[in-house]
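Spelled out, the chains give:
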Amino acid sequence: MIPELGQFALILALLLAAAQSVFSFTGAARHNEIWMTAGVSSARGQFFFTGMAFLCLGYAFYANDFSVLYVASNSNSALPLQYRLAAIWGGHEGSMLLWTTTLALWTVAVTVFSRHLPAVFRARLLGTMGLISIGFLAFILFSSNPFDRLIPAAMDGRDLNPLLQDPGMVFHPPVLYMGYVGFSVAFGFAIAALLGGELSPEWARWTRTWTTVAWMFLTVGIAFGSKWAYYELGWGGWWFWDAVENASFMPWLVGTALIHSLAVTEKRDAFKLWTVLLAIFAFSLSLLGTFLVRSGVLTSVHAFATDPKRGLFILAFLALVIGGALTLFALRAPRVGLGGRFGMVSRESFLLTNNVIMVAAAGAVMLGTLYPLFLDALGMGKISVGPPYFDTVFVPLMMPAIFLMGLAIFARWKNTELPALAIRLKWAFAVSVVTALILPLVMGKWTPLISLGLLMALWILTTAVVSLRERLLKRQGSWLTALINLPRAYQGMIVAHLGVAAFITGVTMVKGYEVEQDLRMSPGDTAQVGSYQFRFDSIHDEPGPNYTAARAHFSVTRNGNPVTVLEPEKRMYTVQTMPMTEAAIEPGLVNDLYVSLGEPVSNQAWAVRIYIKPFVQWIWAGCLMMAAGGFLALLDPRYRRRNKDQQEGEKA
Amino acid sequence: MKARHKRIAIIVAGLVALGIAAALVLNAFRSNLVFFYTPTQVSKGEAPKGTSFRIGGLVEQGSLKRAENSLDAHFFVTDTVQRIEVVYSGILPDLFKEGKGVVAQGKLGADGLFHADQVLAKHDENYMPPEAADALKQAQKAQKTLEAK
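Chains A and B, in that order, give the protein sequences. Each residue of the first sequence is one higher than the one before, starting from 1 at the first, in our numbering. Each residue of the second sequence is one higher than the one before, starting from 1 at the first, in our numbering.
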């Protein structure tokens with residue numbers, strides 16, 4: 001019964017999404033309050049029923065209802081409850097439902113927090129989001145229905161892929177989707193602005209809040225995923241330039257460009273068209289990413305051939321959204337206008353350059369990700385693009401971007417004098433270069449790449465320090481209160497940029513100084529890795545809820561002093577008879593100690609990976625700092641003015 | 001006139017920068033493409049010498065041999081028609097198993113062996129890496145046309 005209820009709720013949600021669009025757009029066209037209000041109510045109803053469908057699917061997983069095909073293929077009665085619930089988004093159909101539910105959530109948030117927007121604009125925004133909802137709900141109902149029955153019911157489920165049975169699975173997809181789908185709001189704002197033919201600095205201020213929130217979620221979501229890969233895949237990498245990762249990275253790059261370009265649109269009324277275009281691209285890439293990861297096209301382009309309906313729908317939907325938005329852009333762009341002018345050396349020009357670099361980087365990632373798919377789809381052979389491609393493209397692209405990042409903080413809007421900039425930053429530059437050259441020598445190994453990486457991180461750090469110093473010299477009262485009293489937007493920018501510095505430091509140190517050893521070890525053996533001794537004490541069997549594990553015991557010492565005990569596992573998941581490596585990690589501020597078990601290579605001996613990963617935690621800490629910077633910036637009073645507008649709007 | 005010259009100069013500079021960036025990207029792209037060959041193609045000598053490429057197929061039953069005192073491994077990758085001997089030193093992935101699909105990346109040595117620096121097996125017991133599946137399909141097709149003749 002419950003699955004049918006879910007199915008029914010989905011149908012109602014689809015109808016309400018249609019109502020949301022029709023009422024909103026008609027209301028906007030006729031300036032009719034009643035129609036527009038009906039649009040808002042439909043949007044809320046749509047959320048109610050989408051959420052209900054989601055809960056119904058959740059219940060089917062909770063109750064182990066293996067008469068539902070999707071549950072039977074992604075869950076098992078022995079699966080612990082938290083993973084049964086996370087299994088809701090363990091496959092294609094459920095992921096699509098999560099996507100739609102997230103979209104409905106954002107839509108409802110827009111209806112609640114947008115009373116300050118002009119009614120017509122708000123109606124167009126909701127209408128656009130309704131169109132996207134229609135697309136996704138129709139896709140689910142017609143080609144990816146999670147409520148399809150399996151008759152006769154399976155005795156038990158085929159289990160969730162053991163790789164996904166991890167706390168990461170509980171958090172990573174919903175947070176990532178909050179980010180992906182959040183860009184739909186920015187997209188809606190862009191379309192509404194194009195329809196109205198007007199784009200004011202106020203528009204940018206409204207859009208900025210939403211975009212920043214979405215970008216924060218995306219940042220944290222990607223960081224979660226990276227961390228998960230690091231400890232779960234058992235080979236200690238944190239980023240593989242895998243198509244699945246690239247799919248989330250492309251919208252992040254464009255989204256990052258977007259939040260910076262929105263800043264210019266708000267402050268200077270410039271970059272208007274560019275901002276709109278970025279909003280369209282960011283969301284288009286989110287869509288592309290969702291489909292890439294979830295449609296099975298990556299495992300085989302021929303997945304489309306086995307289910308042509310699905311593939312056709314996806315291509316048509318992408319073409320409609322992207323093509324429609326760009327057509328509207330082409331038609332309306334001249335009316336929106338270019339906006340304020342600026343000099344060749346100015347904060348605007350620096351930001352624009354970095355924007356272009358971010359988009360170019362996204363383009364390079366896209367080339368490496370999609371080209372093999374195209375070639376395969378056309379039957380022109382199978383190729384793969386190696387990670388070295390992405391590395392060789394990224395480093396040179398990011399160098400000028402990072403350099404400008406430091407400069408842009410100091411540059412004035414409209415026009416700035418280069419010599420003055422040079423004088424203000426000469427110390428920052430000198431300190432960065434000298435430290436970057438010497439520090440690797442102190443640490444015992446010098447390569448150009450390590451120096452370069454440190455230089456970039458140090459440049460961000462020193463410019464931030466100089467900027468803070470300049471501001472704080474004008475202070476009244478103590479340093480601390482002055483620091484707290486700085487504008488929130490400025491604090492946010494500094495924190496986020498320092499996050500980039502922390503991230504670069506982590507990447508540089510791991511790449512430069514990691515120690516990786518694959519060894520053959522028997523119980524009793526000791527291995528010297530870096531300055532640590534790893535002793536393989538013993539190994540024993542340990543039963544788990546739906547697996548049996550071989551758990552090893554390693555004692556780690558340094559110069560005879562005990563450091564820690566690490567217990568990596570090799571698990572055999574019983575339902576799918578699939579082995580899984582569970583690495584044991586001792587995280588630290590400067591070093592991660594990492595041990596994972598390979599396979600047994602004889603009666604006694606095991607293949608063992610022992611890694612020392614310096615500063616690897618800084619990578620994720622840096623991402624969290626970037627997100628925290630976004631959060632600080634949102635606290636800026638000028639966004640709170642909105643609440644005042646809102647209250648006044650309600651009074652009126 | 002002066003402002004216009006300046007603008008043209010900016011546009012030209014921008015285009016040049018973009019052109020250089022595009023050239024760098026495409027160059028890096030071309031030199032990092034990894035092509036895929038089936039065991040049959042490799043034994044016919046179609047695979048390149050000295051550059052890295054991928055092979056795919058099944059790990060032949062009973063072919064995996066481990067060295068006594070190191071992590072060196074020997075095994076055959078087969079597409080059911082031809083087989084290639086692969087040498088690899090390191091830890092094999094969790095799902096590496098005799099009789100299952102595998103993809104290896106590496107170079108063909110002067111000794112005729114395939115020296116793999118990467119061995120991939122995907123994360124699903126039933127699921128075959130697309131390259132491996134492709135190799136098997138091509139081999140079967142070739143077999144059929146042979147029999148038809």
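Among the hints, a few may not be true.
As the list claims (entries may be wrong) - Lysine to any residue pairs mimicking SDA-like chemistry, simulated, CA-CA at most 20 Å apart: (1) B:K65 x A:A607; (2) B:K97 x A:M572; (3) B:K100 x A:L163.
Unchecked claim - To give a feel for the contact side, a few chain A residues facing chain B, derived at Cβ under 7 Å: (4) V112; (5) R115; (6) A364; (7) S384; (8) Y389; (9) V393; (10) G524; (11) T581; (12) V601; (13) A607.
Because the hints were derived from the structure by calculation, they are not lab data. No experiment lies behind these values; they were computed from the predicted model shown. No residue lacks a Cβ here, since even glycine has one placed at the ideal position from N, Cα and C.
Now for the hints, and whether the structure bears them out:
In summary, the hint linking K65 (chain B) to A607 (chain A) is supported, as the alpha carbons are separated by about 14 Å, within the 20 Å threshold. A hinted pair counts as satisfied when its Cα atoms are at most 20 Å apart, and K97 (chain B) with M572 (chain A) qualifies at roughly 14 Å. Pair hint K100 (chain B) plus L163 (chain A) holds up; C-alpha atoms about 19 Å apart against a cutoff of 20 Å. For V112 (chain A), the interface hint is violated, since its Cβ never comes within 7 Å of a Cβ in chain B; the closest pair sits about 41 Å apart.
Because the beta carbon of R115 (chain A) sits about 42 Å from the nearest beta carbon in chain B, more than 7 Å, this interface hint is broken. Annotation: A364 (chain A) was flagged as interfacial toward chain B, and the flag holds, the nearest CB pair being 5 Å apart, inside 7 Å. The beta carbon of S384 (chain A) is positioned within 7 Å of a beta carbon in chain B (closest approach about 5 Å), and the interface hint is therefore held. Interface hint status for Y389 (chain A): upheld, as the beta-carbon distance to the closest one in chain B is roughly 4 Å, under 7 Å.
Annotation: V393 (chain A) was flagged as interfacial toward chain B, and the flag holds, the nearest CB pair being 5 Å apart, inside 7 Å. Annotation: G524 (chain A) was flagged as interfacial toward chain B, and the flag is violated, the nearest CB pair being 16 Å apart, outside 7 Å. At its closest, the beta carbon of T581 (chain A) sits 6 Å from a beta carbon of chain B; the interface hint therefore holds under the 7 Å criterion. For V601 (chain A), the shortest C-beta to C-beta distance to chain B is roughly 5 Å, which falls under 7 Å, so the interface hint holds.
Look at A607 (chain A): its Cβ gets to within about 5 Å of chain B, closer than 7 Å, so that hint holds up.
Consistency note: the structure conflicts with the earlier hints numbered 4, 5, 10.
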